[in-house]
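Assemble the whole structure, with the sequences as input and the hints as a guide.
4 protein chains.
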Amino acid sequence: MLIVMNHNAGKKQIEAIIKAVERMGFAAAPIPGSERTAIGVLGNKGYVDDSTVLALPGVKEVIHVSKPYKLVSRDFHPRNTIVKVAGIEIGSGKRPVIMAGPCAVESEDQIMKTARAVKASGADMLRGGAFKPRTGPHTFQGMREEGLKLLSLASRESGLPFVTEVMSPDTVDMVAEYADVLQVGARNMQNFELLRELGKIKKPILLKRGMSATIEEFLAAAEYILAEGNPGVILCERGIRTFETATRNTLDLAVIPLIKEMSHLPIMVDPSHATGRRSLVPPMAKAALVAGADGLMLEVHPDPEKALSDGPQSLTLQGFDKLMKELELLISFLGS
Amino acid sequence: MLIVMNHNAGKKQIEAIIKAVERMGFAAAPIPGSERTAIGVLGNKGYVDDSTVLALPGVKEVIHVSKPYKLVSRDFHPRNTIVKVAGIEIGSGKRPVIMAGPCAVESEDQIMKTARAVKASGADMLRGGAFKPRTGPHTFQGMREEGLKLLSLASRESGLPFVTEVMSPDTVDMVAEYADVLQVGARNMQNFELLRELGKIKKPILLKRGMSATIEEFLAAAEYILAEGNPGVILCERGIRTFETATRNTLDLAVIPLIKEMSHLPIMVDPSHATGRRSLVPPMAKAALVAGADGLMLEVHPDPEKALSDGPQSLTLQGFDKLMKELELLISFLGS
Amino acid sequence: MLIVMNHNAGKKQIEAIIKAVERMGFAAAPIPGSERTAIGVLGNKGYVDDSTVLALPGVKEVIHVSKPYKLVSRDFHPRNTIVKVAGIEIGSGKRPVIMAGPCAVESEDQIMKTARAVKASGADMLRGGAFKPRTGPHTFQGMREEGLKLLSLASRESGLPFVTEVMSPDTVDMVAEYADVLQVGARNMQNFELLRELGKIKKPILLKRGMSATIEEFLAAAEYILAEGNPGVILCERGIRTFETATRNTLDLAVIPLIKEMSHLPIMVDPSHATGRRSLVPPMAKAALVAGADGLMLEVHPDPEKALSDGPQSLTLQGFDKLMKELELLISFLGS
Amino acid sequence: MLIVMNHNAGKKQIEAIIKAVERMGFAAAPIPGSERTAIGVLGNKGYVDDSTVLALPGVKEVIHVSKPYKLVSRDFHPRNTIVKVAGIEIGSGKRPVIMAGPCAVESEDQIMKTARAVKASGADMLRGGAFKPRTGPHTFQGMREEGLKLLSLASRESGLPFVTEVMSPDTVDMVAEYADVLQVGARNMQNFELLRELGKIKKPILLKRGMSATIEEFLAAAEYILAEGNPGVILCERGIRTFETATRNTLDLAVIPLIKEMSHLPIMVDPSHATGRRSLVPPMAKAALVAGADGLMLEVHPDPEKALSDGPQSLTLQGFDKLMKELELLISFLGS
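Residue numbers (our numbering), protein chains in the order written: chain A, 1 to 336; chain B, 1 to 336; chain C, 1 to 336; chain D, 1 to 336.
Hints may contain errors.
The list cannot tell twin chains apart, which means a pair is met if one copy fits it or any two copies do.
Below, computed lysine-lysine pairings styled on DSS-like, alpha-carbon distance capped at 30 Å [to be verified]:
id	residue 1	residue 2
1	Lys-12	Lys-322
2	Lys-67	Lys-113
3	Lys-12	Lys-306
4	Lys-322	Lys-84
5	Lys-94	Lys-322
6	Lys-306	Lys-200
7	Lys-84	Lys-11
8	Lys-325	Lys-94
9	Lys-202	Lys-11
10	Lys-60	Lys-113
11	Lys-149	Lys-19
12	Lys-19	Lys-306
13	Lys-113	Lys-200
14	Lys-11	Lys-306
15	Lys-19	Lys-202
16	Lys-67	Lys-200
17	Lys-67	Lys-306
18	Lys-119	Lys-322
19	Lys-19	Lys-94
20	Lys-84	Lys-325
21	Lys-94	Lys-60
22	Lys-19	Lys-60
23	Lys-19	Lys-113
24	Lys-149	Lys-200
25	Lys-322	Lys-60
I should point out that these hints are in silico values taken from the structure, not numbers from a laboratory.
This is the structure in C-alpha cells:
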C-alpha cells in the first residue's frame, strides 16, 4: 500500500500517518518526492482497508499494491485449475467445451428436441434456464423446479451434463440436486449470500461477469466461492454495459488472455448474451476461441421466433449445426 | 410496439410479420416509408416480448412504446405515493427526510453515540449496516443479527426509526422484525428473489439504484415489489458507474426530476456513496434537495479514521451537525 | 511515480529497474513488501512518461503521483483565477454568471429577439452558435461568418457580451474578431491544434468537457491553452456519456466542488446539453449553483418548436424569464 | 420517423402534431394504441431533425427510422468498397492488410530499422506518427514535417506505402503530399472541419472510432468525408472507453461483423491502442481477423523500453515477426 500526501502536507501530518500505520501493525517508509511525499506501507499480508488512513489530514490518495483476492490469483497458484464435469475437463487447455441450449426451458418437447440436436451436432453440455431473471415481473419467469426436472430428463436421454442458473441461497440445494454445474447470472455476481452458499457445495459453479463489474471485482466474487471451500469455479465473460446500444452488451474479449495472466481459473465466453443478435454469434464465438477461451456458452432454440425469451440471439438447430462444423475446423487448426 | 423492416424487405416478409403479430393477438398497421416500411402493433395491454418478431426475416428492429412496468408509473397513478415510517412522511413534498448513521454498525458505543448525535443535530431516521456487501471476502462483513439488536437499542433510545440493508430472501423476516425500513443495496437491485420476498412484507423498502441500472430497469425492479403487494417503496439514487474514477461513482441528479415525471414513488439521494469523498458530500446533499429529492441518506461516523468501512466518505459528528444547520436554512428557503 | 513489481520479480529485475530509473535522471527507492516489491521514483519535476519502465521485465504496473498538468493546478496557484469579460467577473465567487441564447443563430430576427429578451430577464452574456458541429453532414451546420455578424449586432444592441464556438485553428482569428469569449465544444476538447491556437490569443476561452473526458484529461486540455500563454480559461461541465439514455448525457455535478479543489480555474455548467430535456433544465440549473458553479450556460429560443437544432432542450423566453426570477432568489439566498 | 404521444395526450394535441408534420412537407399517419397514440411520419427522404416536433405539447418521444448517414450505408450501396493503396486492396475480402510501425517517428535510425524489419516480416504498409495528440502539453508531441520526411524515406527504401495521422485542416495538404493514407485519430473523429477538408482530397482516409462514439456516430463521421467527394474511407476500431481500467480501452470486436452489415466500407482493428498491453496484442490481433477485420494496425518499435510514447503496447521486432508467422497460418486457414 502506498499513501500519497498532499502537496502542502507538513511534517506533523506525515508523522501522524506513520503512527497510524504502525498502530495498524505495519511498518511505514516515507518516500520524499520533489512535489509531494509518499509513504510506503510494509508488512501487510493481504488487502488492507484504507479507510483509517484516507481519513487523516494531509492524505491525497491511497494506492493498493495488494488485491481483494488471493485464492483465485495465479501469483499463488501458478497451474491452471481444471474443472471436471462428468468426465469433461474445462480449463485443461486441450479442447474448448461447448455448452448449448435454450435460454429458458419452455416445455418437454422443446428441451428434448434441443438436447438431442445439440448432442448430434457435437455439443459437450446442455444449458437451459429454469429460474429466469427478467427485468420486469410481468414476463415469463421460468418453469422453476418443473424446468429442472425436464433438464434432467433431457440430460439423461442425451447423455449431456447440464448447467442451469440458481438465483437465491435457499434454492441452492434443490438446484444442486439436479444440475451438473450451477450458474450465477450477471445480475447476481455480487449476491454475496448466494456466492457463500455455493462455496459450501461440491458441484462446479459457472460465474458470469456482472454487467459493470471490473476484472478485479469479478475475481473477488470468485474468491467468495473459493474462500468457502469450493475450488471448482468457471468464469464466464458475457459482455459489459457501455454507452453503445447497437449490440445488447459489449463483448470484452481482451479479458480472456488478461484473466489467464491474473488467475488460474478457466474462463468461457457467452457470445449470445454479449451481442444479442444471432448474426453476430458465429463470428464472436470463433473470435473467443482464438483469444483463448476455455469454452463457449451458446443459445440454441428449435424455433427462435416463438421463444419466450432471447429469441433474437438464439441460433436455430440448423444454425448451430453449421457453426459447430466451422468451430471443429477452427479447433483443429488451433490445436495443430 | 413498432416493427421497423429492412430497406429491402419485400411484400411477403411484411405479410409474414402481420400474420405473426395477429397470431400474438394484436392488430398490425403497416406504415410505408420512402426508405423502408414500419409496422405498428396495436392492442397490446402492456410490455410485449419482442423475441418472436425480431427473429422473423426482414425485421431490422423493434421499438417499444410500452414499458416493462406499470404499477410504479405515474401514467396510471398520478398522485405521489407517501411512505409513512413511524409518523414520518416520505414523498409528501413538504419536508425532505434525513437518514444518517454509520456505514456499518461496529459496536454498541459507536452506534449509540452516533444515534444520539444525529438525533441532536436534527436527523429524522438512523441508518446503519448489519449485513455488509463487500467486494472481497477477506474484509469486515458486518455484525449480522448482533448488529440489528444494537440498531434497535440505538433506535429506541434516540427515538429515531432505522433503515438497514437486507441481503437475502431468507433473512427478510429477521431483518423486518427489527428494522423500520428495509434497504436493498445497489448490488442487489436485480436480485429478483429478494425483491419478491420484500413484496410480501408490510414494511417500507428503500431500493437503491444498481451501479449500471437504467431508469427503466430501476423502475422495473420497484415493480417487482409492488407486484407482490407492497406499495411502500422509496427509490434511492446513489451514483452510477462510469468511466470517471475521480469520484467513487457519478451522481446522476437529473434522475430526480425525471423519475418524478415518470413515477409516483418518492426518491432520495445518497451523496456519500455517490461521491466517496467527505468534502463532496455537503455540496451534493444540497444540490440533491434543490433538485427535488424527497430525502437524503448520509454516512456519519464518530471517528471516521477508525471506521471499518467507508471512512473516507463519512462525515464526522461535527461535520454532520454543521451540514444540518446549512440544510435547515436551505429547506426553509425551498419551502418559502 | 511508483513502480510495482511482479510477485516473483527477482533481484536482478529490480536492479535493472533501478538502473533504468537512474538513467532517466531520477533516484530510485525500493520498498520491499510481504507480497511484492515496489520502487519509488524520486526527483521528477512533473509527469514522467512511463513507457520505458513499463516495458522492462518484472514490472506489474506504474502508478503516477504527479499529473499531466501543472499550470492549472491549485497546488501551484492557490488563488482563484477570475476571468474578466467586458466588466463581468467569472470565478470571483461573488455572483454566478448567466449566459443565455439559442443553440444556433438562425436569423437576425431570432437572435435580436432572444438577446433583448434574455437581457430583460437578467442574463449577463449572450450565447449562440455560428459554427455548429453536427453528427451528420446532412443537417444545418450554422450560418458561419454571417452568424458572427448577427451575434455582434445583437450584442451591441443588447449590451451583452457574447460567447460562440470556434471549430478549427484557421477560424480562430476570425471568431476572435467578433466574439468576447471563444468556446471549444465537447467534441473538440482534445483538438490540440485548436487548443494551442487559442493559447496564443488574448480573449477568454470557454472549454467544454469532452463526452468521455476524465477530470484529469479535462484539466490537461486546459493546460494546453495556459501553456501557450492564455490564462483566461473557463471550464464548463456539460454532461458525460454513460450507459443511461433517458437523458441526453449524465450531468456530473460532483465535478464542480472537486475541480474547485484541484484547480484555480472557474467552472460553469450547461444543463441544457447535459439533460437534453427542457423540463429538467430548471432543477439542474439550480442544483449547479448550489454545488458551487461559477455560472450557467442556458439554451433559450423564442420558438423552440421551430428551432433548427436542440429545440427540445431550449427554454422559451417565458420559461427563461421565470427561471431567472427563481435563480435570483436562490443567488440571494446563497449569497446571504 | 415515429412520434410517440403521452398517455394522456388529447385529440387536439394529436391534431397539432399532424399539422406540424404536414408543415414540414411530410405525411402523418396516426396509430392509436391501447395505452397511447403514436404518429408515423411518411415521405421523408432521409434523416429529419426532430426538434420541432419534440417541442410540441403531448409528445413523449420521437423515434428515428432513418439514420444520419446514407452514402456509407450498405442499404444504398450493397457491394463492398475496396480502397486501393499503391496496388494493395483493402476491403476486398481476400486478404487482410497489415500496417505496422512505431507509435511515433523518433529518429531516422528508428523508423528505417522498423520499416525494414516489418517489411521483412511481411507487413503490407508502414505506420508512424509525425503529429502526436497527447493528453498534456508537456510530453513529446511528434517531429511534425521532419517526421513526414523520415516516413517518406523509410517508405521509399522499404517499398511500403505509409499511413500517418493528420490533426488539423491546415496541415491536410502538407500531410497528403507525403502520406499514402491519412489517418484521423480517435480524438478527432468528430473534428468536422478536418473531416470536410479530408473529403476534398484524393487520398484514402483511415478514420478511427472515437473513444465514446456509437456506431451510428462513427458512420456519420465517415459520411462527412464521402459527402465532400472522397469515397476512400477505411474505418478502424481501436477500443472504446468504459468503466474497465485493467485494459487501456475495451476492444469492441462485435462491431466488425455489425459494421459489415450496416456499411460497405472496409473496417480494420488496432489491437495495440485497444488493449495498451503488449501481451494482449497477439490474441486480439488473431481474434480481429477471425471476426472478419479487413486489416490490422500494429505498433512495433525496435526498442519499446526507450519509446517516447506507447512503449508498453508496442511489439518488439522479434515479437512482430513471431506474430506475423502465426497470422500467416491463420490467414491461410481462414482463406481455405
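We went through each hint and held it up to the structure:
| no. | hint | verdict |
| --- | --- | --- |
| 1 | Lys-12 / Lys-322 | between (71 Å within a copy, 27 Å between copies) |
| 2 | Lys-67 / Lys-113 | neither (46 Å within a copy, 33 Å between copies) |
| 3 | Lys-12 / Lys-306 | between (71 Å within a copy, 19 Å between copies) |
| 4 | Lys-322 / Lys-84 | within (27 Å within a copy, 34 Å between copies) |
| 5 | Lys-94 / Lys-322 | both (22 Å within a copy, 22 Å between copies) |
| 6 | Lys-306 / Lys-200 | neither (38 Å within a copy, 33 Å between copies) |
| 7 | Lys-84 / Lys-11 | neither (57 Å within a copy, 39 Å between copies) |
| 8 | Lys-325 / Lys-94 | both (18 Å within a copy, 22 Å between copies) |
| 9 | Lys-202 / Lys-11 | neither (55 Å within a copy, 42 Å between copies) |
| 10 | Lys-60 / Lys-113 | between (61 Å within a copy, 29 Å between copies) |
| 11 | Lys-149 / Lys-19 | neither (61 Å within a copy, 34 Å between copies) |
| 12 | Lys-19 / Lys-306 | between (67 Å within a copy, 13 Å between copies) |
| 13 | Lys-113 / Lys-200 | neither (34 Å within a copy, 38 Å between copies) |
| 14 | Lys-11 / Lys-306 | between (71 Å within a copy, 22 Å between copies) |
| 15 | Lys-19 / Lys-202 | neither (45 Å within a copy, 50 Å between copies) |
| 16 | Lys-67 / Lys-200 | within (24 Å within a copy, 39 Å between copies) |
| 17 | Lys-67 / Lys-306 | between (46 Å within a copy, 21 Å between copies) |
| 18 | Lys-119 / Lys-322 | within (13 Å within a copy, 38 Å between copies) |
| 19 | Lys-19 / Lys-94 | neither (53 Å within a copy, 42 Å between copies) |
| 20 | Lys-84 / Lys-325 | within (25 Å within a copy, 34 Å between copies) |
| 21 | Lys-94 / Lys-60 | between (48 Å within a copy, 28 Å between copies) |
| 22 | Lys-19 / Lys-60 | both (17 Å within a copy, 29 Å between copies) |
| 23 | Lys-19 / Lys-113 | between (68 Å within a copy, 26 Å between copies) |
| 24 | Lys-149 / Lys-200 | both (23 Å within a copy, 28 Å between copies) |
| 25 | Lys-322 / Lys-60 | between (57 Å within a copy, 23 Å between copies) |
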